[in-house]
Structure formats: structure tokens, C-alpha cells
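Residue numbers (numbering that gives the first Met the number 0), protein chains in the order written: chain A, 0 to 238; chain B, 0 to 316; chain C, 0 to 295.
Hints were generated in silico from the structure; no laboratory data involved. Only a predicted model underlies this, so the values are computations on that prediction, with no experimental measurement involved. Careful, some of the hints might be misleading.
Pairs of lysine-lysine, DSS-like flavour, derived with a Cα cap of 27 angstroms [stated by the list, open to error]:
| # | chain 1 | residue 1 | chain 2 | residue 2 |
| --- | --- | --- | --- | --- |
| 1 | B | K191 | C | K285 |
| 2 | B | K91 | C | K270 |
| 3 | B | K91 | C | K285 |
| 4 | B | K62 | C | K270 |
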Amino acid sequence: MSALLSIRGLTAGYGGLPVIDGIDLDVAPRTVSVIIGPNGAGKSTLLKSVFALTRIEAGKIAFDDRDITGLATAELVPIGIAAVPQSRNVFTTLTVAENLDVGTYAAPPRDRRAVEERVLTLFPDLRAKLGQPAGTLSGGQRQMVAMGRALMSEPKLLLLDEPTAGLSPAYLERIFDLILGIRAVGVTILMVEQNARQALRIADRGHVLVNGRNFQSGTGMELLGDENVRRSFLGGGTA
Amino acid sequence: MELSGLAFYFVGFLIAGGIYAILCLALNIQWGMGGLFNAGIAGFFAVGAYASAIVTAASSNGKHLGGFALPVPLGLLAAALVAGITGWAVAKVCVRLKSDYLAMASIGIAEILRLVIVNEQWLTNGSLGIANIPRPFEGLVRGREADLLFMAVIWLIVIAVYVLCARLNNSPWGRTLRAIRDNEDSARAVGKDVEWFRLQTFVIGAALMGIAGALSASYFKFLSPAATEPLLVTFLVWVMLMAGGSGNPKGAIAGALLIWGIWSATEIFTNRLPGEWATRSSYVRMLLVGLLLQFVLQRYRQGLIPEKSPKLEFERK
Amino acid sequence: MIEFVNFYLIPAFTLGAIYALGAVGISMIFGILRFAHFAHGDVMTLGAYGTLTAVWLIPLPPLLLLPFGIALAIVATLAVDRMFYRPLRKLATIYTVISSFGVALIFRSLAQLFWGAQNEVYVPGVQRPLVFFDTIRVSALHIEAILIIIVIALTLHVFLTRSRLGRSMRAVSDEPELAAVSGLDTDRVIRWTWIIGASLAAIAGTLAGLDTDVHPNLGWNLLLPMFAASILGGIGKPMGALAGGMVIGLAEELSAYPWLGDGPLISPSYKTAVAFFIMVALLIFKPQGLFKGRLL
Numbered sequence: 000m001s002a003l004l005s006i007r008g009l010t011a012g013y014g015g016l017p018v019i020d021g022i023d024l025d026v027a028p029r030t031v032s033v034i035i036g037p038n039g040a041g042k043s044t045l046l047k048s049v050f051a052l053t054r055i056e057a058g059k060i061a062f063d064d065r066d067i068t069g070l071a072t073a074e075l076v077p078i079g080i081a082a083v084p085q086s087r088n089v090f091t092t093l094t095v096a097e098n099l100d101v102g103t104y105a106a107p108p109r110d111r112r113a114v115e116e117r118v119l120t121l122f123p124d125l126r127a128k129l130g131q132p133a134g135t136l137s138g139g140q141r142q143m144v145a146m147g148r149a150l151m152s153e154p155k156l157l158l159l160d161e162p163t164a165g166l167s168p169a170y171l172e173r174i175f176d177l178i179l180g181i182r183a184v185g186v187t188i189l190m191v192e193q194n195a196r197q198a199l200r201i202a203d204r205g206h207v208l209v210n211g212r213n214f215q216s217g218t219g220m221e222l223l224g225d226e227n228v229r230r231s232f233l234g235g236g237t238a
Numbered sequence: 000m001e002l003s004g005l006a007f008y009f010v011g012f013l014i015a016g017g018i019y020a021i022l023c024l025a026l027n028i029q030w031g032m033g034g035l036f037n038a039g040i041a042g043f044f045a046v047g048a049y050a051s052a053i054v055t056a057a058s059s060n061g062k063h064l065g066g067f068a069l070p071v072p073l074g075l076l077a078a079a080l081v082a083g084i085t086g087w088a089v090a091k092v093c094v095r096l097k098s099d100y101l102a103m104a105s106i107g108i109a110e111i112l113r114l115v116i117v118n119e120q121w122l123t124n125g126s127l128g129i130a131n132i133p134r135p136f137e138g139l140v141r142g143r144e145a146d147l148l149f150m151a152v153i154w155l156i157v158i159a160v161y162v163l164c165a166r167l168n169n170s171p172w173g174r175t176l177r178a179i180r181d182n183e184d185s186a187r188a189v190g191k192d193v194e195w196f197r198l199q200t201f202v203i204g205a206a207l208m209g210i211a212g213a214l215s216a217s218y219f220k221f222l223s224p225a226a227t228e229p230l231l232v233t234f235l236v237w238v239m240l241m242a243g244g245s246g247n248p249k250g251a252i253a254g255a256l257l258i259w260g261i262w263s264a265t266e267i268f269t270n271r272l273p274g275e276w277a278t279r280s281s282y283v284r285m286l287l288v289g290l291l292l293q294f295v296l297q298r299y300r301q302g303l304i305p306e307k308s309p310k311l312e313f314e315r316k
Numbered sequence: 000m001i002e003f004v005n006f007y008l009i010p011a012f013t014l015g016a017i018y019a020l021g022a023v024g025i026s027m028i029f030g031i032l033r034f035a036h037f038a039h040g041d042v043m044t045l046g047a048y049g050t051l052t053a054v055w056l057i058p059l060p061p062l063l064l065l066p067f068g069i070a071l072a073i074v075a076t077l078a079v080d081r082m083f084y085r086p087l088r089k090l091a092t093i094y095t096v097i098s099s100f101g102v103a104l105i106f107r108s109l110a111q112l113f114w115g116a117q118n119e120v121y122v123p124g125v126q127r128p129l130v131f132f133d134t135i136r137v138s139a140l141h142i143e144a145i146l147i148i149i150v151i152a153l154t155l156h157v158f159l160t161r162s163r164l165g166r167s168m169r170a171v172s173d174e175p176e177l178a179a180v181s182g183l184d185t186d187r188v189i190r191w192t193w194i195i196g197a198s199l200a201a202i203a204g205t206l207a208g209l210d211t212d213v214h215p216n217l218g219w220n221l222l223l224p225m226f227a228a229s230i231l232g233g234i235g236k237p238m239g240a241l242a243g244g245m246v247i248g249l250a251e252e253l254s255a256y257p258w259l260g261d262g263p264l265i266s267p268s269y270k271t272a273v274a275f276f277i278m279v280a281l282l283i284f285k286p287q288g289l290f291k292g293r294l295l
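For reference, chain A alone in the conformation it holds in the complex (with noise of 0.2 angstroms):
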């Protein structure tokens, strides 16, 4: 089975030196993938990289077998890929309604109702809060409006970049759910996260960044079984 995102080489910053140097990273459609590794590896740089937020010094990037190496972010949309920032992540003013509306704009579907039922499934939670500011939801539900904006799209890749940043143990276990909800509707997903043992968990697979450049690369459960790995970026400890 041929990857739907496939990295080669990519070295990228913001202007100075590059941040990740000749990084190589494949995703296979209907997965969830998990980038970790310690502090200023790279890993939100990576997932900026792939939504053309960063300057791209050398590499590629193919997206469902097309080079999408030079588009800007908003042709990124509506070819498929969505990406959830790590903060400031909903439009604070706007209803929850209107966040998932926005989402829509840069890649309209042919039946908005459908999509935006699917997604009500998927985050039912947020269906009585329709009519209500996303500023005023709490950080959790605030992630799901924020991830039910990026599937508005309707999108085959979903970033994430620390979903589960600053939330409670109990609502990361709940992301987590939702995480593996959205893989089973088909949407695939490449996230870094900080809370790398739950996260690699559930992970089908997981990549370790370190100084930029790829370390090690398994299965979600290889990682967490690797002596090495787990010394190192899991704070020691069994799995």
C-alpha cells in the first residue's frame, strides 16, 4: 500500500537555521501516527512543514502520489489536509456552530448537513453548545470544536499538534477516544504529542525526532517496548 504522505529529506525552518534537517517520514492511509521526541526536536516544525507554515529549504513532500512541496496553505485545504493548531485554536467570538461553518469555507462539500452531522457523531458533546461562543467552552471541549472545524473540510490527513496540551488526565483519555474515533472514519492522522506513552498507545505508528532528524521510527507498541526509547523519551519507567 502506497503512503498518503510521504516526506523525503525535508530540511525547513523559519529563516535562519534550518530547525529539521533531511527528514524522512512515510504515513499510510487510515492511520494514526505520532511524532515525539524531547523538547525543540522539531516535531511541531514537521507537522508546520507539511501545512506550509515554515520555509522549506530542501525536501519533498507528496501528498496522495502529488508533490505538494511549493503549495500554500490554503491550496492544501481543499486537496484534503487539515491541520489543528496547538493554541489559539477555535475563533473565540464565533458560535460553535460558526466555527465548524468556517471550516467549510475553503473546501465546500456538496452536502454541508451530512458532513456536519458526521461530525456532531463523532463530537456529541458539542451539539448542545451549538449556539454558544467557543470562548467561553472549556479547553477540551474547546480541542473538539477546534478538530470538528478541521473535518468540516472533510479531510484524508488530519495534524494535530498537541491535542492533548494543558488538558486534564481525564479529558486526555477522552481526546485519545475521539482520536481513534476520527481513524475510524477513515480520516488519517499525523500528530505530535508531548504525552508520548498514552499517545504511542494508541498510535499505529510512532517516530522519534531528536535535533531535527529522524531517530527511530516503529510501530506504536515496538516504541514503547524499546528499551532505548523508553529511557530516554518516556521518562523511564515500564510501559
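Model the placement of chains B and C on the given structure of chain A, informed by the hints.
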């Protein structure tokens, strides 16, 4: 006769140019060092001019406050004090907000000051203005030589302000300001009171603008509400500073002379046009000032003489 | 009482409508482009002159010729955005503020150059007021102004909450980066911000010209109260700016009413000061405005 006429035209040019140089140096402290946008230069200029005129003018005929006939240096001090306090009040309110708010408030205070100057007859004699405003060292020389002397006084003050700016720039105070400008967050993190430092630049700048106003009133020996006209003061000074290079006192002086030179040269030209055309062409000159500002903003943000320390532009907020 | 209604309250609504229309644009531009647009008053001036020129050429009432003023204002703002503001977009927004300050001068000198510095009126002669119940005397202009502001308020509300473009504008105003990540066409949103802001400014300018007369400083003189109105309404909240404009207009006019004793409470020459002090008070106590706008 012809030559001396030209020479005295040149003296007049240098007097006005010197006053603009002081304004420009003052704005450079506020904007170049503090990063604060002052859109009400004319207000601080005018309040300084009136403060000085009221305390130094010989006679008020009982029609308005004044007639104290105090020496000129006290007039300059009064100008600096009143303008500085006004600047402090405005900046205090806005300094913690995005600089756009200070711009709005400074244009507001300039407007309020204009209203006060026009309406409060007991204070300013309204549109009739204040006459007999003395110059420093008046009576030492007579006639056209007096202008020469005044020019010398003005440029001594310009040099003094320049030295002050250069000193400030190299002092710990100036270095802190540069640190704030280059990275506000890290300056805050090491415990610098960013607002307080910014506030100081605004007050010092406003006080110097007041002094420039006082000198201008002395030069013309007469003061009317026309002094609050924002076009000739606020706009020109901004163009001067942008053209000269913000963050650099030498650039501020150079910009003041250059733009004042262009402005005066076009005036010589347009004054020779017949009636209707002369009026219209003054609008063309204004238009050119506006366009010149756009041009330097886009092409010569670093100005004639760029700042020495590496970073010039502010981080996008 | 009747005197209060005729000479203070109804004119206050007209003035409020003028401020409100201008403030909406300022608030939207501040919210979406992130800078205080100092040339907005002069956009009003250009709009007023655009309508005036049409009045000279076409024998129709000025309000029907508004599209000409609107067109001139739109062309002018889109042109300066393209030539002067857009090249500075990547820098700190304060550079754009300075640029707009220069654009104000450019617009004003163009107005003086093309139309002269003298005062012009749309329709010569005194307009007879309409009389209701034998006592309430209202000039047709004041009724028109109030009707215009009501229609625009409703349209704007529907536009912002229901239309795709309106929601996109609110989204960009809310979180510009997220709007870009969501794939919204930010350039289109910016273009329409100018178009709407300029249109409303042109209407405001024409109303102001009808209320008194048209002159090159028409808009510049109204800038301060409009800034106050947009802060009062909360930056990036167009409906708030509408309300803010009405409040400032009422405050200015009603401050001249002899509430205590015989003389006006505040001398009419200090009307502008009322707006300024409201603005300063807001900046001190409630910089996010009355309607919880953004604090930029």
C-alpha cells in the same frame, strides 16, 4: 544687497531648520528609542510655545494671562515642564496598550490643546495671539544681526540636545531601551519595567518639543493659534525623521535639514506662480509630503544615516 | 422638553449615525488589519466630494447619488491599500499607522486640489423642517439619517452572522493565524473590509456634508470621535462600533444642553473634547470597550 538678502534668507532657513532639528531629535527619542508613535507633535509644540510666551512676554494689556516678562531661559523651562507634564499624562494612560492607542490619544490631546488655545481668551488671547515675545540676548545687537545671534543660540541648543541624545543612547538607560525594543519579552523577563522606560522617552521627547515651540514663538516674536496647525509641525517632522533614519540622532538632524530644504525650495518656486496657481500648488506640496512619507516608509526605512546597532525594525506584535 | 427633542435629541441621533458609520469601518479595519486607520476620516471626505460631484452633474437628490461617493471612496481605499499599506503588512503594524497618517494628508490635499478649500453645499437654500403633532420639527435629513442607520445596522448584522463572507471577516478578526490555517482567503477578506469600510465612510461623509457643508477637513475633524466610538464598541465588533457611535454622538450633543442653569453644560466649542475624555476614560478603565471587544 542682493547677496546679504540671500545670506539672511539662509539664516532664516537655518533658524527654522534648527527648530525642526530639535523636534526631530525629540521625536527620535520617543519613536526611535521608545518605539512610541506620537501623532500630536503639534500639540506639545504649541503648549510649549504658549507656556513660554505667557511667562516671558512683556505686556498682556490685561487682556490675557501673562506680562510676567521673565527671562527667556525660564520661558524654556516653563515650556519643557508644561509639555512634559502633558506628555506624561497622555503616555501614562496609553503606554501599556498597543501603540495605536497612544497615536489616537496623542492626536486627541493635540486637538484638545488646540481648542483650549482658540477658545480660552483669558489665557491665550484667542485668535488675536500674543505679541512681544522676547528672544534670548535681545538688545545685544540690532537689526538683521539679531537673526544671526538667534541662529547661533538655536544651533547651540540643537548641539546640546544632540549631545544629550548621544549620551542617553550610550547610557545604561539607552541600552535598556534598545533591549526592550529588540525583544520586549526578554527585557520584561529580566525585570525591566518596560512601561516606565517607554513613559520616560515620551516625557523627555514631549518636553523637548515644548522647548522647540518656545523657541519658535521667540523667533516670530508673536504667537497665534496657527502654531497648532498639525500639517507643518506633525507631518513634516515625521517625514524628516523617517527620511533621516530613526534611532540615530545624526540622522534626525540631517533629515530635518534635508526635508526643510526641499519644503523651502518648493515654496520659493510656488511663490512665483500667479495667484490661483500659487494656492493650488501649495496643495501639491502637501500631497508631495504625503507621498514622500510613503516613499521613505517603503524604500528608506533605515533613512539617510541608518542606526549603528544592527536591528532596526520592531518585531511584529 | 420639545426644545430638547428638536434641537438636541434628534440632531444627536444624526451626529451619532455619522460617527457610527465611520466607526464601523475603523473597528473592522482595526480588527482585521490590526491597525488604527488614521485616513478613515479623509475617506469620508472623498466620499462626500464624490457625491457632491455627482450632484453637480445629475439633477437628483444627493442621497440617491450616494453610489458615486461610495465608488470614489472604494477606489481610493483599494488603491492606497495596494500601493501603501500592503507593502508594509509584514512589518510591525505601527508602520502602517504612520503610513495611514500620510495617506490622510494625501487624501486631504487631493480634495483641496480638485475641489478647492472652500465650503460647498449639496443643495442651496434652507430646507423646511417637517412638523409632527404641531410641535416636533424634524428636518428630512435627520429622518433619512436615522432610517439609513437602522437599515445598515440590520443589514450589517445579517451579513456578519449569516453570510460566509461576514463570518470569514469575524474569523480573521478573531484569530488571523487560525483563519489562515483554516484555508480562508485572507486577501479577499481584507479587500471586502476596505470595500465595506469605505462605503459606510462615504455614506457618513455625505450625511455630514448634508448636515453642514462639504470642506476638505470634514472627515479629519470627525476622526477623534470615531476612534472613541470604535473603542467604546470594542475593537473588531462592528455592531459595537455602531452603538458606540450613537453613544458618542448623543454624549456630544447632549453635553451642550443646559442641564444645570441657563448655559450649556459644556460649551459647544468643546464638543470634541467630550469624545476625547470618553476615550481616555475607556483606555484607563475599560480598554476592551463596553461590548467585550478585543484589546489589541
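Which hint numbers does the structure go against, in order from smallest to largest? none
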